[in-house]
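*Asks:* Line order of the protein sequences matches chains V and B. The first sequence begins at 585 in this note's numbering and counts up one residue at a time. The second sequence begins at 13 in this note's numbering and counts up one residue at a time.
Careful: at least some of the hints might be erroneous.
Dumping the calculated EDC-like pairs for lysine to aspartate or glutamate here, alpha-carbon to alpha-carbon at most 16 Å [said to hold, decoys possible]:
id, chain 1, residue 1, chain 2, residue 2
1, V, Lys714, B, Glu34
2, V, Lys994, V, Glu978
3, V, Lys1049, V, Glu992
4, V, Lys1045, V, Glu1011
5, B, Lys104, V, Glu978
6, V, Lys1062, V, Glu978
7, V, Lys714, V, Glu616
8, B, Lys104, V, Glu1006
9, V, Lys1062, V, Glu1021
10, B, Lys22, V, Asp853
11, B, Lys104, V, Glu718
12, B, Lys22, B, Glu34
13, V, Lys997, V, Glu1021
14, V, Lys1062, V, Asp988
15, V, Lys756, V, Asp884
Don't read these hints as lab results, they were simulated from the structure. Please read these numbers as outputs of a predicted model, since none were measured by experiment.
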Amino acid sequence: MQWETVIGLEIHTQLATHSKIFSGSSTAFGAEPNTQANLVDLGMPGVLPVLNRKAVEYAVRFGRAIDAHVAERSVFARKNYFYPDLPKGYQISQFELPIVGKGCVEIVLEDGEVKTVGVTRAHLEEDAGKSLHEDFHGMTGIDLNRAGTPLLEIVSEPDMRSAREAIAYARKIHQIVTYLGICDGNMQEGSFRCDANVSVRPKGQAEFGTRAELKNINSFRFLERAINYEVERQIELIEDGGKVVQETRLYDANRDETRSMRSKEEANDYRYFPDPDLLPVVIDQAFMDAVSADMPELPDARRTRFQEAFGLSAYDANGLTATRATADYFEAVSAATGDAKLAANWVMGELAAALNKEGLEIERSPVDAAALAGLLLRIRDNTISGKIAKQVFEAMWSGQGSADELIEAKGLKQITDSGAIEALVDEVLAANPEQVENYRNADPAKRPKMIGFFVGQVMKKSQGKANPQQVNELLRGKLD
Amino acid sequence: MSLKPDDVSKIAQLARLAVSPEEGEALSRELSSILDLVAQMTAVDTSGIEPMAHPLEMQQRLRPDEVTETDQRDLYLGNAPQAEAGLFLVPKVIE
Chain V
585 MQWETVIGLE
595 IHTQLATHSK
605 IFSGSSTAFG
615 AEPNTQANLV
625 DLGMPGVLPV
635 LNRKAVEYAV
645 RFGRAIDAHV
655 AERSVFARKN
665 YFYPDLPKGY
675 QISQFELPIV
685 GKGCVEIVLE
695 DGEVKTVGVT
705 RAHLEEDAGK
715 SLHEDFHGMT
725 GIDLNRAGTP
735 LLEIVSEPDM
745 RSAREAIAYA
755 RKIHQIVTYL
765 GICDGNMQEG
775 SFRCDANVSV
785 RPKGQAEFGT
795 RAELKNINSF
805 RFLERAINYE
815 VERQIELIED
825 GGKVVQETRL
835 YDANRDETRS
845 MRSKEEANDY
855 RYFPDPDLLP
865 VVIDQAFMDA
875 VSADMPELPD
885 ARRTRFQEAF
895 GLSAYDANGL
905 TATRATADYF
915 EAVSAATGDA
925 KLAANWVMGE
935 LAAALNKEGL
945 EIERSPVDAA
955 ALAGLLLRIR
965 DNTISGKIAK
975 QVFEAMWSGQ
985 GSADELIEAK
995 GLKQITDSGA
1005 IEALVDEVLA
1015 ANPEQVENYR
1025 NADPAKRPKM
1035 IGFFVGQVMK
1045 KSQGKANPQQ
1055 VNELLRGKLD
Chain B
13 MSLKPDDVSK
23 IAQLARLAVS
33 PEEGEALSRE
43 LSSILDLVAQ
53 MTAVDTSGIE
63 PMAHPLEMQQ
73 RLRPDEVTET
83 DQRDLYLGNA
93 PQAEAGLFLV
103 PKVIE
């Protein structure tokens, strides 16, 4: 039987506010346990939540970015369940009236096909705290620093048909929220978390199969693996005469498998009701206008601009806009050097290769945009050749100094004195009479290829410092 | 509308309340009569009326995104039955 996979994603993005969604506690990551939890976060009686304006602005910003309807009036609701890291016994979320309604994003599949994926809704909610299950005399430790951190939960339509499509969609949302500056996108720190609803159905069947919800996925790679494992599991189960049950399953990256966490039917009775502590949130035209005026450039627009303004290829523009940090880096180098193509080649070439080799994100590059621009300026003014620049770059990467310092210290300055180059050329020609003879007897069409030998010899003699263009010209003058 | 003892025990479980079978019997009768009282309202024609969650004609006020709180951990942990290493301790939770 032919099976079709159906996937929907729920993505929790932590909004990059300084304070919590309903209290003035800090949201900074990595603080000592419980030092950033106040009376509101602890769910003490008699306290009231007050909504953070920035969290609302960020949600609206996202809504605008995906062409969604932004609700003029949205309502917070209580989602009731019991867990020790949820002090109030309910999570403040949004249910019937979320702040962001239906929207959509476009993803590009591997074969270049563009597919539209629907976003059902995005709503504001607070995060829970953390349970530490290490053994504290048989007890569980609770850290409530994260409790009350603002989240925007982005729910997709069940529009994805493969793990690859799900990854493309998740990456697109990641790209959008980081470009918007509303989320730092750090998956290791839990700022961007994906849950996947996965089901299978016989190809051609209209109704959906029973779905399982996969949780605990903190990288795109694991998301793909978890979905693929789950699809296999469900197909095998059904083909063996079994039935998929609706449940939550945890992905275990170490064993590369999913396993049942709890039966959702039982737990899924959250008894939502409007939170009496919070009034309806009204977004008026003035609020919308203020957010619109403040919208950062989105990835698709930036990609088009890079192609049009800098004459970059679609491939380069795509690579350079993959993350906001990369695009910012490139633009800084391009502006400082006045040479977008050179900047693009280096950011996509040497820099990307070095980052890749060490598994670093561009934000943590040991060579920052200003430093790289400093190097490229020396190529531009013919102080060094592109080849020598690669050596200098390596030294810069290992923290040995700036481009100018290294060129000076290592004596790498290019030789442009034509007398000095001519002397080298003469030496090479005198040392290789046979090759000179061959060259002169050769078909003129073959000569351009043969001259490479002499260029190489001269460059070697100059330790790479001779200006290659001058070397070529002088050689041609003497040989032809 | 009548609630069965089974319904009561399910609601009690969701609310983490310990209700004995005898209490469940009594509660199902009491809750049923409350529901009957409320059910009288279904007789009123509410078509075209917007559901109301809040009785106030007001909207939510927003506060600026500023950190205004200082660390009061020792004070708050002192209020807990058990704490260690800066953490609140609770009976073991296992998924």
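*Asks:* A separate judgement is required for each hint: does it hold in the structure or not?
*Replies:* Consistency of the hints with the structure:
no.	hint	in the structure
1	V:Lys714 - B:Glu34	violated, 38 Å
2	V:Lys994 - V:Glu978	holds, 13 Å
3	V:Lys1049 - V:Glu992	holds, 13 Å
4	V:Lys1045 - V:Glu1011	holds, 9 Å
5	B:Lys104 - V:Glu978	violated, 53 Å
6	V:Lys1062 - V:Glu978	violated, 36 Å
7	V:Lys714 - V:Glu616	holds, 13 Å
8	B:Lys104 - V:Glu1006	violated, 83 Å
9	V:Lys1062 - V:Glu1021	holds, 13 Å
10	B:Lys22 - V:Asp853	holds, 10 Å
11	B:Lys104 - V:Glu718	holds, 10 Å
12	B:Lys22 - B:Glu34	holds, 15 Å
13	V:Lys997 - V:Glu1021	violated, 33 Å
14	V:Lys1062 - V:Asp988	violated, 34 Å
15	V:Lys756 - V:Asp884	holds, 10 Å
When each numbered hint is compared with the structure, violations occur for hints 1, 5, 6, 8, 13, 14.
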